[in-house]
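> Sequence:
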Amino acid sequence: MPQGQPSVVPDDGLTTRQRRNRPLVVVHTGVGKGKSTAAFGLALRAWNQGWPIGVFQFVKSAKWKVGEENALRVLGASGEGGTVDWHKMGEGWSWVQRDAQMDNEEKAREGWEQVKRDLAAETYRLYVLDEFAYPMHWGWVDTEEVVDVLRDRPGTQHVVITGRNAPDRLVDLADLVTDMSKVKHPMDAGQKGQKGIEW
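Read left to right, the sequence shown gives residues 184 to 382 (the working numbering).
Simulated from the structure, these hints should not be mistaken for laboratory data.
Please note that a few of the clues may not be correct.
As the list claims (entries may be wrong) - Pairs of lysine-lysine residues, derived as DSS-like cross-links and limited to a Cα-Cα distance of at most 30 angstroms, are as follows:
(1) 271 to 299
(2) 271 to 365
(3) 290 to 378
(4) 365 to 216
(5) 216 to 271
(6) 216 to 378
(7) 378 to 365
(8) 271 to 290
(9) 216 to 299
(10) 375 to 216
(11) 367 to 216
(12) 216 to 290
(13) 271 to 375
(14) 378 to 367
(15) 378 to 271
(16) 375 to 290
(17) 365 to 375
Note that the structure is a prediction, hence the values are computed from the model and not measured.
Assemble the whole structure, with the sequences as input and the hints as a guide.
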């Protein structure tokens, strides 16, 4: 495996191994396709390492069966890698009518409270907070609290957050940020999403 050389070696008193193994906050944001897919790819790597994984879907419908969910559930139950718990925190907030907003805000806050409990208990080694940038962007969950909790989380817990419009404070905290941009998309030519590509 190639060994990358960092452009800067901080004077933080850590050994190379300590610095390499410190837990990360990862953010996948932007208007392009692939934010969640990239996070689930990271979850596959974590599964292969035997890490317990918690997936928390904050926006996609609880009724929508995405391919990654089925695959990761099967892998998690196989006994060959890490375990996988999949939590659906809402009923599809990006597609519901606005009159259901209060219920959705409450579910988002409940979901964040569960994540906080799991972080405090060090339940997982990797947390995928799918579409969690939206509840922060909409003001349903306090970004400052999220930043504080993530900054002060115990142990070696990695957290990846996906969604458009990631707040600046979250981006500032994160160790790795990818902004997915769109060059072309089939929807631009009137083509709807299809099996095997979008789900």
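> Indicate, hint by hint, whether the structure satisfies it.
Cross-check of the supplied hints:
Between residue 271 and residue 299, the direct Cα distance comes to roughly 16 angstroms. Compliance with the 30 angstroms bound is thereby established for this hinted pair. For the hint pairing residue 271 with residue 365, the CA-to-CA distance comes to about 27 angstroms; that is within 30 angstroms, so the pair holds. In summary, the hint linking residue 290 to residue 378 is supported, as the alpha carbons are separated by about 28 angstroms, within the 30 angstroms threshold. As the CA atoms of residue 365 and residue 216 are separated by approximately 7 angstroms, the hinted pair is consistent with the 30 angstroms bound.
Annotation: proposed proximity of residue 216 to residue 271 holds, straight-line Cα distance about 21 angstroms (limit 30 angstroms). Between residue 216 and residue 378 the alpha-carbon distance is near 15 angstroms, which keeps this suggested pair within the 30 angstroms criterion. A threshold of 30 angstroms between alpha carbons decides the hint, and for residue 378 with residue 365 the separation of about 20 angstroms falls inside it, so the pair holds. Restraint check for residue 271 and residue 290: satisfied, since their Cα atoms lie roughly 10 angstroms apart, inside the 30 angstroms limit.
Only pairs whose Cα atoms come within 30 angstroms are accepted, and residue 216 paired with residue 299 is accepted, the gap being roughly 28 angstroms. Annotation: proposed proximity of residue 375 to residue 216 holds, straight-line Cα distance about 13 angstroms (limit 30 angstroms). For the hint pairing residue 367 with residue 216, the CA-to-CA distance comes to about 10 angstroms; that is within 30 angstroms, so the pair holds. Between the alpha carbons of residue 216 and residue 290 the distance comes to roughly 25 angstroms, so the proposed pair stays at or under 30 angstroms and holds.
Of the supplied pair hints, the one linking residue 271 and residue 375 holds, its CA atoms being roughly 24 angstroms apart against a limit of 30 angstroms. Of the supplied pair hints, the one linking residue 378 and residue 367 holds, its CA atoms being roughly 19 angstroms apart against a limit of 30 angstroms. Proximity of residue 378 to residue 271 is assessed by CA-CA distance (about 21 angstroms); at most 30 angstroms being required, the pair is judged to hold. Only pairs whose Cα atoms come within 30 angstroms are accepted, and residue 375 paired with residue 290 is accepted, the gap being roughly 29 angstroms.
Between residue 365 and residue 375 the alpha-carbon distance is near 16 angstroms, which keeps this suggested pair within the 30 angstroms criterion.
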